[in-house]
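Visitor: Just so you know, the sequences run in chain order A, B, C, D, E, F, G and H.
Everything in the first sequence is counted per the numbering used here, starting at 1 for the first residue and increasing by one.
Everything in the second sequence is counted per the numbering used here, starting at 386 for the first residue and increasing by one.
Everything in the third sequence is counted per the numbering used here, starting at 771 for the first residue and increasing by one.
Everything in the fourth sequence is counted per the numbering used here, starting at 848 for the first residue and increasing by one.
Everything in the fifth sequence is counted per the numbering used here, starting at 925 for the first residue and increasing by one.
Everything in the sixth sequence is counted per the numbering used here, starting at 1101 for the first residue and increasing by one.
Everything in the seventh sequence is counted per the numbering used here, starting at 1277 for the first residue and increasing by one.
Everything in the eighth sequence is counted per the numbering used here, starting at 1558 for the first residue and increasing by one.
Hints listed in this document are in silico derivations from the structure and should not be mistaken for laboratory results.
Do not rely on the hints blindly, as some may be mistaken.
With a cut-off of at most 30 Å between alpha-carbon atoms, the simulated DSSO-like pairs for lysine-lysine come out as follows [as the list claims (entries may be wrong)]:
#1 K1515/G to K773/C
#2 K917/D to K1776/H
#3 K1567/H to K387/B
#4 K1554/G to K1515/G
#5 K1575/H to K8/A
#6 K1515/G to K840/C
#7 K1512/G to K1554/G
#8 K917/D to K1835/H
#9 K1808/H to K387/B
#10 K1084/E to K8/A
#11 K1808/H to K1575/H
#12 K393/B to K1187/F
#13 K393/B to K1250/F
#14 K917/D to K1567/H
#15 K1293/G to K773/C
#16 K381/A to K1084/E
#17 K1495/G to K840/C
#18 K1187/F to K766/B
#19 K850/D to K1755/H
#20 K1554/G to K1470/G
#21 K1793/H to K1755/H
#22 K1808/H to K1474/G
#23 K1808/H to K917/D
#24 K1250/F to K766/B
#25 K1835/H to K1495/G
#26 K263/A to K201/A
#27 K315/A to K381/A
#28 K2/A to K1011/E
#29 K381/A to K1074/E
#30 K1011/E to K8/A
#31 K1567/H to K201/A
Spelled out, the chains give:
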Amino acid sequence: MKAAVRLKPGTHFIEGNLALAEGAIAAGCRFMAGYPITPASEIPNRLSQLLPTVGGVFLQTEDEIAAICSAIGASWAGLKAMTATSGPGVSLMQENIGLAASTETPLVIVDVMRFGPSTGVPSVGLAGDVVQVARGSHGDYQIIALCPESPQEMYDHMIRAFNLAERFRCPVFVLPDGFIGHMREQVVIPPDQEIELAQRKIAPAGTTPLERQDFLDPEVAPMPVFGRGRQAHVTSSCHNGQGMRNLTDPEVMHAFATMPIEKILRHRDQIVEVAADYAPGDVVIVAYGTVARSARAAAQAARAQGLAVGTLCLKTLWPFADQEVAAAAQQARAVLVLENNTGQMLPYIKAEAAAHCPVQFLGPRLLGQIHEPNAVLTRVKEMMS
Amino acid sequence: MKAAVRLKPGTHFIEGNLALAEGAIAAGCRFMAGYPITPASEIPNRLSQLLPTVGGVFLQTEDEIAAICSAIGASWAGLKAMTATSGPGVSLMQENIGLAASTETPLVIVDVMRFGPSTGVPSVGLAGDVVQVARGSHGDYQIIALCPESPQEMYDHMIRAFNLAERFRCPVFVLPDGFIGHMREQVVIPPDQEIELAQRKIAPAGTTPLERQDFLDPEVAPMPVFGRGRQAHVTSSCHNGQGMRNLTDPEVMHAFATMPIEKILRHRDQIVEVAADYAPGDVVIVAYGTVARSARAAAQAARAQGLAVGTLCLKTLWPFADQEVAAAAQQARAVLVLENNTGQMLPYIKAEAAAHCPVQFLGPRLLGQIHEPNAVLTRVKEMMS
Amino acid sequence: MAKVTLFPQACKGMEDCGICALVCPQHLFTSSGEMNEAGYVPTRLTEPEECTGCQSCMLSCPDMAIVVVKEKGEEAS
Amino acid sequence: MAKVTLFPQACKGMEDCGICALVCPQHLFTSSGEMNEAGYVPTRLTEPEECTGCQSCMLSCPDMAIVVVKEKGEEAS
Amino acid sequence: MRTELTIAGVGGQGSITAGVILGAAAVTYDHQYAAQTSAYSSELRGGFAAAWVVLSEEPVLYPRVIAPDVLVAQAQDSIERFAKVLKPQGVLIYDSDMIAQPPAQITRAHPVAATSLARNEMQAAIVANMIMLGALCQVTGVVSPGALEKAIADAVPQGKQELNLRAFALGRERVG
Amino acid sequence: MRTELTIAGVGGQGSITAGVILGAAAVTYDHQYAAQTSAYSSELRGGFAAAWVVLSEEPVLYPRVIAPDVLVAQAQDSIERFAKVLKPQGVLIYDSDMIAQPPAQITRAHPVAATSLARNEMQAAIVANMIMLGALCQVTGVVSPGALEKAIADAVPQGKQELNLRAFALGRERVG
Amino acid sequence: MSLAEHPLRKYTRPHVKKTTTCPGCGNGIVAQAILWAIDELNREEGLSMDDFVFVSGIGCSAWIPSPLFAADTLHTTHGRPIAFATGVKLGLPRQKVLVASGDGDLAAIGGNHLIHAARRNIDLTVVMVNNGIYGMTGGQTAPTTPRGLNTITSPYGTMEPEFNVAAMVAAAGAPYVARWTTYHPRQLKRAIKKGIQKQGFSFIEAISQCPVQYGRVSKLGRATAILEHFRDHSLKLAKAREMSEEELAGKITVGEFCDRQAPELASQWSELRARLGKEQG
Amino acid sequence: MSLAEHPLRKYTRPHVKKTTTCPGCGNGIVAQAILWAIDELNREEGLSMDDFVFVSGIGCSAWIPSPLFAADTLHTTHGRPIAFATGVKLGLPRQKVLVASGDGDLAAIGGNHLIHAARRNIDLTVVMVNNGIYGMTGGQTAPTTPRGLNTITSPYGTMEPEFNVAAMVAAAGAPYVARWTTYHPRQLKRAIKKGIQKQGFSFIEAISQCPVQYGRVSKLGRATAILEHFRDHSLKLAKAREMSEEELAGKITVGEFCDRQAPELASQWSELRARLGKEQG
Ligand SMILES: Cc1ncc(C[n+]2csc(CCOP(=O)(O)OP(=O)(O)O)c2C)c(N)n1
Ligand SMILES: Cc1ncc(C[n+]2csc(CCOP(=O)(O)OP(=O)(O)O)c2C)c(N)n1
Ligand code: SF4
Ligand code: SF4
Ligand code: SF4
Ligand code: SF4
Ligand code: SF4
Ligand code: SF4
Ligand SMILES: [Mg+2]
Ligand SMILES: [Mg+2]
């Protein structure tokens, strides 16, 4: 095969997974390790064509565990690295998602979510992995997760994901469902020079661990990437500020567990993104991903009928938009939570909203199908009456 | 080695992990597959001695994935089966936890929780896996999880866990932390004949899948265990009421995902167990596991000082004790949540309580150490003032 | 001497499969020219009497669309 | 001829380890009888002049507690 | 205005390709917005295949087709699956070689003998979908012919463009 | 009444075994409740080892020792780690072979020359911990001697019982 | 003569009228080879489908027993069938447990279970369909893909060498290992039969055609073209052992890699339980 | 002469004054063998610690490079070091990437990464410490435990045979495979050096003593007793190949299992990127 070529700047009509792959290249991704799985396979399929043309590497691993581990390895080698999979792959990656979080490794993990549990229905999308990406590994840790609702956002979120991963030295998930992954829509690709890219801070030349605060820096610490003589000491065991293993000092333990969480939460305002469109007294529909589109369509229809209905669409799922949800609930007459699953984010939303207004939940009529705007409207009217 | 012998009925002073192993044998466990890991290793160590003496099998597998898979296989072979591990092992098992849930396989999974994330501090206990056991696999599913707070409960909960697994055909977790796993305390072992054991319902002889409702029975369906000519058709793909794969019918999909959840939620009153000790107007401390003991000690001290303080200790973590928490919050002046982690169950508790009273969280002063009753008392007093 | 029975409804067709035609040492298979319910054009036997009963077609057919019964109670080898 | 240097603070002791004593073809190692800071009783060389400089002890010591320098600039083999 | 279209057939007829080209034409050359989804069964033969396209002058919010304004049916199976959800005043464009009689309640039904035209006039059964696209363009005008022609040229392999464009033109001419 | 005890030493001195036996005696033969926890460093030599025991007539709620009523110290290191948390009126029992001078603020300090007694009188350095247990029993009476004797017999290997029981008795006699 | 009269139909679920594999797919040939082997064992030793548990993973080849075979079948997760089968066998030591799955399933993601089951020597019969590709997910590289081939995820040519799975499984300790192609249905059947009869771990690699995905990326196209390739490039192991690596390039070695005796795990467990049960009792 | 004057101390982190392994543990011998090999390469080819990345898993043996070695070190999760190392190598093709870890880590839970890295032939040097046991978790059976031995999780005797890891890795495709014991520190050093120099996947199995756990369960006890066992039971591969299986029982075969040339993955990637970069540019 001759060298594949990236899509030119301009408007394209492409499926979400392809938009995501183009976004990865534009974001500076130079390493992907992956294992095929429906409905994410178009991502490795495409990146195996593109990566070597921009000096990158694509590795099809023996399984998803090897995929995330080699992506982490490549990140420590200094490359912007990613993997892409679906729920079963994320389940297998859980142990090393924790490693990435606790070693503060920049990494982008794409989960094109499919109908679960277990093998389920590979070709049908469902937002069933939204809590597993944040809480599926053992212990306390914090990741970032973005949730696109269109092929355009699949492109845009990849750039944001790599930027956040580099900026905060942490794993960042991009969480489309299979429906968006396979849907085609207009995608505007900007010229490279208009794309702002973040690069990780790298530990200054010549420093060795004892001179640095590599891990437990309360701010995000510069990363001692490999191959530059910095004698990085990276370990998934509890370690002190220099990265040195320490399994006895309670202060070190506490910091080991909490610092990588707090460095993200402290910057939550730079990370958390919502699309808020509501007024005081509205019934506010809270939604994310594919069904955020149902929410907005329903609100549009409601307003056309003169009803006070607003929306709060979560673009980041993690860190959770606690303040934004609470703010909406404070002004709202009631909150209606739409989720393309049995209500996984509901407790998190309710925890922030329930003190302020009634909270109800609406799943799709049948799991695997997305909410029809009419069904949402009907429920909103019931809530109002 | 000569045949090992079980502990005799009576009072023993033993560590939690040994109590748990004895409980497993008493519960009728006849298959364990496992992989050593601190702080759970005493369980395989002991069960490898005991199981063959009662006609059972112990298999040390190549990894934790194989452990859960062979335990599921053994369960379909008709044995009461279990595995035991710690957080890293649960992370690796996630994919097949989903399989067990969706194929409705009776299975007991012990997670002796250790300080995480990642390798963390193996020898220090921490309740860091309480959400991962319920939400760490992809898709929507429901498990049962019990949370012992003493070696005695490690024994008792194992019997309950096997009974619930058999009764509801689902994976049941037992979730001590490493502190309880390694702590020694009095354990009263009853004579076998006083222990009530549940056995799974087995599909009637001679039936083939087409004559049964194996999977999607709204009640818990009889299990067509292997080796009895029932031509069981077991699959982790979406399947219909006869267990036959079906990836196109939306009604089948919906039922595939929701039935195994609802069969448990419908019987939540038989499953959910709390220890409630509060009066109207109390500050109610909600806690579970090791730190439930801190909660009760603090409440005892508070009452001795004439303060209105009560406790609600969760014995089952999943299904979540939503009604019990809401009921407590309705009567409470305020709720104080103690967790031996950074607040993983907090959103679930707050979601039910926040509409009724203020909710606060208190973690241990340093993660890895448990709450001292005095620290709890101080916070309670602050909440009262 | 052998009796070959074809199940044209099970056959996935000469054009898409055609394995029987490849493996028959007597070259007895050809297209039947008629579409079955599934949309494939199954094979047919040109000269059944030339069949040696070798059963290669039966063993190689991926869709259990062929049975060859040897006469005089011979067994599959 | 060779010069053997021992680092008794690094040694984990004749009783618990004793590998140098096993591998020395000249049987030159014995217990020093004195406990080091870590609580082990390190080895010592009985007759340093008998050492052939074979370096077996150095290569086999798990705790980098022995250095053998050959004289006349010989190299480790 | 939001227009919902369904293009359906059996595997191998190119219904999904037609849907993709329709969306691409609208977005790339007609300054419209489009969202396109699809489904197909796993059988190589005899299964079903369908593309759904939502067209609009504004960004499409709800991306699925609920009740199509236009149904393009390439097989009897498509009628059985989708005729019942067609909007009351909806348009049906159907391959009259494959569908003998459209349901009576559909008042705006336009036949085109796509299969036989493709076979006999184009010597390429494979371009029946382009004939259907031409018919769709002619009857509904939801996307301009020029835009569709450019999108077809983009989508088909080098050397096959002329054939496909001729089929598209034929569909525009011969639709009833 | 709740009694908190800490038994500490360096690896190999058997402090944890002593703690386990203490708890077992209380629970199995003395009708008390006990919760016992422990910690040790990974070094084979020179590390630290400690057992914590909470004794009570009622079930033990909070299972950790916060401020011990009794500290059994088998090494200087144990004093450094734990003397500061000993309750103001707390009891210290220490191996006077290992610890020259207990901290002045500890008023109730009881020496016992466990190491030398074990070596010289028992010809078994390993039973120093039993001597300490005897001393503890004698000084505090938190668990009855009979219960401790039975628990020791349960815990040690066949054939070593007599030796250990003698050491226990010696500790009771010789504590200062 | 109705469909039901095919002699193997007595071993298949009555409501499964047709396979969902693509036309010409080798999976059907492997499925039949298994059933013909069982048919012979039925006639010779009285074994029936009730004596079997079939376990498979995820992938096209994993559909061989499930839902087709009228027996206990366990269709598991990708890569794990051997691990599940191990539990089944230890729980039901008298059942015959047969695993049928793909090369990606058993030798890529499932490789660890494969080598450890071989080492343990647990009495399973594993039939691995090696079609050199990931069929189900659409033509990506498998560890078994020949070096140089352009696949969907190796568009510039596969850089990694083809996995000699049978040889590695033999080296891992399996007592019975054989390899045949779908062009050798009789030998395949015989090897599977021998595998079932063997008390111990047996591994049968069936080189097979995936006309749709492998046919596409290799440009061999049709099933028959791939079968012709098998016919023209197969080489008996005995002969291959005398040849140099260069001479063997592009060849498919077929035959029995090993056939030896070794203590089997499930039966050792039965003995131990019997012994300890007596000691206890 | 202070501690720092040990000639290998220039390769270790200055603040790591002592190892935390048990007395007599073979891990220290293996650590030294690696450093002596590097020391020779330093003198002969000018390689320095800055040219290396060391990767390990979890287990006692995984502590060999971490925290001791003064270089980039990556201490990962149990079983996964080879997978991490693969990413490191592809990202930094000019670095030498060396994996040192235990038998449980690399051959039990990590077996799949091991065989696939061997097959892929990616330029890593893997040093596997085979102490026949799970040391860190307290003496449970490892796949490398000899049949019959009573361990903590096989109290009635291990029923599974001992894994011949080196032979399997060679069968999986590794171009360089050798096995020595800690009684052979010179040969071990030479094999590691050769492995580092080899462009391709090299695997060095170091049979080693765990006096604490293996010593306990085997009743061999002390480090020196286990080393004597190695001394008395080691057998050169060339000789072993002429012997029957029975004669080989209980023997430890040592030597080079293979040493061959094959296209390496990371360098193929470098070539591909160069080629496509040109086509693009
Ligand atoms: C954990 C997980 N990863 C990936 C997949 C997606 N997947 C399904 S089948 C398959 C590969 C199938 O290849 P193979 O086993 O060779 O079977 P074939 O289809 O070629 O017969 C993959 C990667 C999955 N189902 N689960
Ligand atoms: C996923 C996971 N499972 C289990 C463990 C526990 N664990 C730590 S080290 C180890 C085995 C170590 O054995 P080996 O690799 O042979 O190293 P050794 O200690 O013998 O050198 C195990 C099972 C773990 N850390 N992570
Ligand atoms: S049995 Fe043999 S000869 Fe007869 S049709 Fe089949 S393949 Fe041809
Ligand atoms: S082999 Fe079978 S399916 Fe294939 S063409 Fe012949 S009869 Fe039909
Ligand atoms: S160098 Fe050789 S002879 Fe000298 S002390 Fe060491 S082992 Fe003995
Ligand atoms: S080999 Fe080293 S550590 Fe061991 S006894 Fe000798 S000098 Fe000490
Ligand atoms: S894709 Fe390939 S392996 Fe799968 S069924 Fe079709 S031909 Fe067979
Ligand atoms: S337990 Fe064994 S392997 Fe681990 S450090 Fe001690 S002697 Fe070495
Ligand atoms: Mg395959
Ligand atoms: Mg080991």
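Visitor: Against this structure, judge whether each hint is valid.
Guide: For each hint, the structure was consulted:
1. K1515/G to K773/C: violated (37 Å)
2. K917/D to K1776/H: violated (38 Å)
3. K1567/H to K387/B: violated (52 Å)
4. K1554/G to K1515/G: violated (52 Å)
5. K1575/H to K8/A: Not OK: K1575/H and K8/A at ~58 Å, beyond 30 Å, violated.
6. K1515/G to K840/C: violated (34 Å)
7. K1512/G to K1554/G: Violated: K1512/G and K1554/G sit about 50 Å apart, past 30 Å.
8. K917/D to K1835/H: violated (54 Å)
9. K1808/H to K387/B: holds (29 Å)
10. K1084/E to K8/A: holds (24 Å)
11. K1808/H to K1575/H: Not satisfied, since the Cα-Cα distance of roughly 34 Å exceeds 30 Å.
12. K393/B to K1187/F: Violated, because 39 Å separates the two Cα atoms, which is more than 30 Å.
13. K393/B to K1250/F: Satisfied, since the Cα-Cα distance of roughly 17 Å is no more than 30 Å.
14. K917/D to K1567/H: The given pair, whose Cα atoms are some 19 Å apart, holds under the 30 Å limit.
15. K1293/G to K773/C: The hint holds at about 23 Å.
16. K381/A to K1084/E: violated (54 Å)
17. K1495/G to K840/C: violated (38 Å)
18. K1187/F to K766/B: holds (25 Å)
19. K850/D to K1755/H: Since the Cα atoms of K850/D and K1755/H sit roughly 34 Å apart, the hinted pair is violated (cutoff 30 Å).
20. K1554/G to K1470/G: Distance ~35 Å between K1554/G and K1470/G Cα, so the pair is violated.
21. K1793/H to K1755/H: Distance ~22 Å between K1793/H and K1755/H Cα, so the pair holds.
22. K1808/H to K1474/G: holds (28 Å)
23. K1808/H to K917/D: Violated, because 35 Å separates the two Cα atoms, which is more than 30 Å.
24. K1250/F to K766/B: With a Cα-Cα distance of about 46 Å, the restraint between K1250/F and K766/B is violated, given a limit of 30 Å.
25. K1835/H to K1495/G: Given pair K1835/H, K1495/G holds - Cα atoms ~27 Å apart, limit 30 Å.
26. K263/A to K201/A: Distance ~15 Å between K263/A and K201/A Cα, so the pair holds.
27. K315/A to K381/A: holds (26 Å)
28. K2/A to K1011/E: Violated - the C-alpha atoms of K1011/E and K2/A are around 48 Å apart, more than 30 Å.
29. K381/A to K1074/E: Distance of about 46 Å is beyond 30 Å: violated.
30. K1011/E to K8/A: Distance of about 39 Å is beyond 30 Å: violated.
31. K1567/H to K201/A: holds (29 Å)
Violated hints, in rising order: 1, 2, 3, 4, 5, 6, 7, 8, 11, 12, 16, 17, 19, 20, 23, 24, 28, 29, 30; the structure is consistent with all others.
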